[in-house]
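**Q** What follows is each chain in one-letter form.
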Amino acid sequence: MKVYLDNCRSAKVEEEVVKAMIPYFTKSYGVPSSLHSLALEADEAIEKAKRSIALPINASYENIIFASGVTEANNLAIKGVAYANRNRGKHIITTRIERPSVLDSCRALEREGFKVDYLKVNNEGFININELEELIKNDTILVSIQHVNHVVGTIQAIKEIGKLIKEKNESIIFHVDATDAYLKVPIDVKKCNIDVLTIPSNLIHGPQGIAALFINENVKIKPLLHGFVSLSETRPGHENVPAIVGFGRAAEIGFAIFDDAVNKVKRLSKKLMKDIEDTFKDVVFLIGPRRRRSPFNVNYCFKYVEGEALTLQLDMMGVYVSTGSACASRELKVNYVLLELGVRPEDAHGSISFCLSRYNNEEEMDYVVRCLKRAYKNLIKISMFKDRVRI
Amino acid sequence: MVYRYSEIVKKYFKHPKNVGKIKNADAIATEGSVLCGDMMTMYLKIRNNKIVDAKFESFGCAANIATASMLTEVVKGMNVDEAEKIEWKDVVKKLGGLPPIKYHCSVLAIQTLRSAIRKWKEKQKKVSS
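First to last, the sequence lines map onto chains A and B.
The opening residue of the first sequence carries number 18 in my numbering; numbering runs sequentially from there.
The opening residue of the second sequence carries number 1212 in my numbering; numbering runs sequentially from there.
By construction, these hints were calculated from the structure, which means they are not laboratory data.
In this text the structure is predicted, and so the values were computed from the model without any measurement.
C-beta: ideal position from N, C-alpha, C; glycine also.
Take the hints with a grain of salt, since some may be wrong.
[Said to hold, decoys possible] Below, computed lysine-lysine pairings styled on DSBU-like, alpha-carbon distance capped at 30 angstroms:
| # | chain 1 | residue 1 | chain 2 | residue 2 |
| --- | --- | --- | --- | --- |
| 1 | A | K350 | B | K1304 |
| 2 | A | K350 | B | K1256 |
| 3 | B | K1222 | A | K350 |
[Stated by the list, open to error] Facing chain A, according to a computed beta carbon distance under 10 angstroms, are these residues of chain B, among others:
| # | residue |
| --- | --- |
| 4 | K1225 |
| 5 | V1230 |
| 6 | K1234 |
| 7 | T1241 |
| 8 | F1270 |
| 9 | A1274 |
| 10 | N1275 |
[Claimed, not checked] Simulated restraints, written as ranges between beta carbons of each label pair:
| # | chain 1 | residue 1 | chain 2 | residue 2 | range |
| --- | --- | --- | --- | --- | --- |
| 11 | B | K1225 | A | G244 | 48 to 58 angstroms |
| 12 | B | R1215 | A | R361 | 25 to 35 angstroms |
| 13 | B | G1231 | A | R361 | 18 to 28 angstroms |
| 14 | A | K29 | B | R1215 | 19 to 29 angstroms |
| 15 | A | K29 | B | K1225 | 48 to 58 angstroms |
Taking the hints into account, I'd like the entire structure generated from these sequences.
**A** Written as structure tokens, this is what we have:
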């Protein structure tokens, strides 16, 4: 059996999505900037995709633009807003547990003279809204807070945050990275006062190489790329029509089955969590919250073993997961989100993240726990801490 | 980050040799730390300057487990002076290579072996003086 539980990084593309894309490679391969019929077909297909992506989150489809992925979309959201609004101020607020594309964009801006405050989070990954309130100043131009955390699944109170920001200063631009929230938790850009929203494709079973930004009419964003302007001045270049069509179809399917898919994943993650805790008892602990957590995210620390070794053991059994261990990172550092939540480095090395999707099933969850038990036993036999463990 | 382990590394990781403690070991050393995510202990049984048995325990990644496992096999039957001279590169070669980012994990295994031998030598000096 093969069980894929790395859906926070990339997910399977729905077969219907692939089918929808194919004609745009082989038949309707025009781009909307021309005047002939194929260009018109491309233009119509893009508009349809925009509607599928925007309308279910109460956004206007005209306010959607496309980028090459979440990294570019977040770069454009942060740097584009900062550059276009620097005459109003140079202060930005974000959190310490954003995706690297947000954090690194902010750090790059700091080197250019912007001032960035990084909000701390508690041991469940939640920001303190009072701290946010205190940080908002007259020269604050942008607040960027992710809806759902990519490592531990914490769901921030985006509605309250949006309300607070606008009450304090209506001209502050509120960017929300919804990479791990879109089609996983309900989103309403109007009710939440969201000005800019990052929307993924590959995490919603659409193709890789494409993402969207919702940008409210009144928000000024300076383009980061320069070149031929097709549909968007904010993001020049010809549109990746097949990818946009696939993205739109993935959103369309996703919203049509939203409740069923979320409920299914809720059931599965609840079962997985219960079975892991029943099996491992005191050698395991959940990272992140139990309430206000995305059901698509399950993350545990397995004490006394190292996460890279555990990941590899599971891989040999056909279970594909990720770890926050230093030994699995390019910089040989423990995942920063775990440290910000106060997880001790020695425990963080044994963290395993299980990211579910609607394609998983109960039988797979049973298999995963059986494999985990076998893998853990294989490693604890080698460990000098084996006397502390009884499973 | 993607890296690929050789088939030999995978084999030693999946079925490590010489795992556990040696009762009444002549030399024991622990190197690395749980904070860094790689820690290992090596146990040696030494007779007439010759390593007659070697075992290890590891809280470490696949590269560390495989290197330690291979190393304990290699040093068995070796003279301590000879064993002390083993370089991590020699073991890595025997493992069919390691991803460069994992070299330090194999270095840790060599450090632990050398540390165990050093401790044993110091003990011998004390006994003879």
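**Q** If a hint holds in the structure, say so; if it does not, say that too.
**A** Here's how the hints hold up against the structure:
1. With a C-alpha separation of about 26 angstroms, the suggested pairing of A:K350 with B:K1304 holds against the 30 angstroms cut-off.
2. Of the supplied pair hints, the one linking A:K350 and B:K1256 is violated, its CA atoms being roughly 36 angstroms apart against a limit of 30 angstroms.
3. A hinted pair counts as satisfied when its Cα atoms are at most 30 angstroms apart, and B:K1222 with A:K350 qualifies at roughly 27 angstroms.
4. Hint status for B:K1225 relative to chain A: holds, with the closest Cβ pair at about 6 angstroms, below 10 angstroms.
5. The restraint placing B:V1230 at the interface with chain A holds, with a minimum CB-CB distance near 5 angstroms, inside the 10 angstroms limit.
6. About 15 angstroms separates the beta-carbon of B:K1234 from the nearest beta-carbon of chain A, more than 10 angstroms, and the hint is not met.
7. With a least beta-carbon distance of about 8 angstroms to chain A, the hint placing B:T1241 at the interface is held under the 10 angstroms criterion.
8. Annotation: B:F1270 was flagged as interfacial toward chain A, and the flag holds, the nearest CB pair being 5 angstroms apart, inside 10 angstroms.
9. The beta carbon of B:A1274 comes within 8 angstroms of a beta carbon in chain A, closer than 10 angstroms, and the hint placing it at the interface holds.
10. Checking B:N1275 against chain A: minimum C-beta separation of about 8 angstroms stays under 10 angstroms; hint holds.
11. About 51 angstroms separates the C-beta atoms of B:K1225 and A:G244, a value consistent with the hinted range of 48 to 58 angstroms.
12. Restraint check, B:R1215 to A:R361: a C-beta distance of roughly 31 angstroms satisfies the suggested window 25 to 35 angstroms.
13. Judged by the Cβ atoms, the range 18 to 28 angstroms given for B:G1231 and A:R361 holds: they are separated by roughly 27 angstroms.
14. Evaluation of the 19 to 29 angstroms hint for A:K29 and B:R1215 yields a pass: the beta carbon distance comes to about 23 angstroms.
15. In this structure, A:K29 and B:K1225 break the distance hint of 48 to 58 angstroms, their C-beta atoms being roughly 28 angstroms apart.
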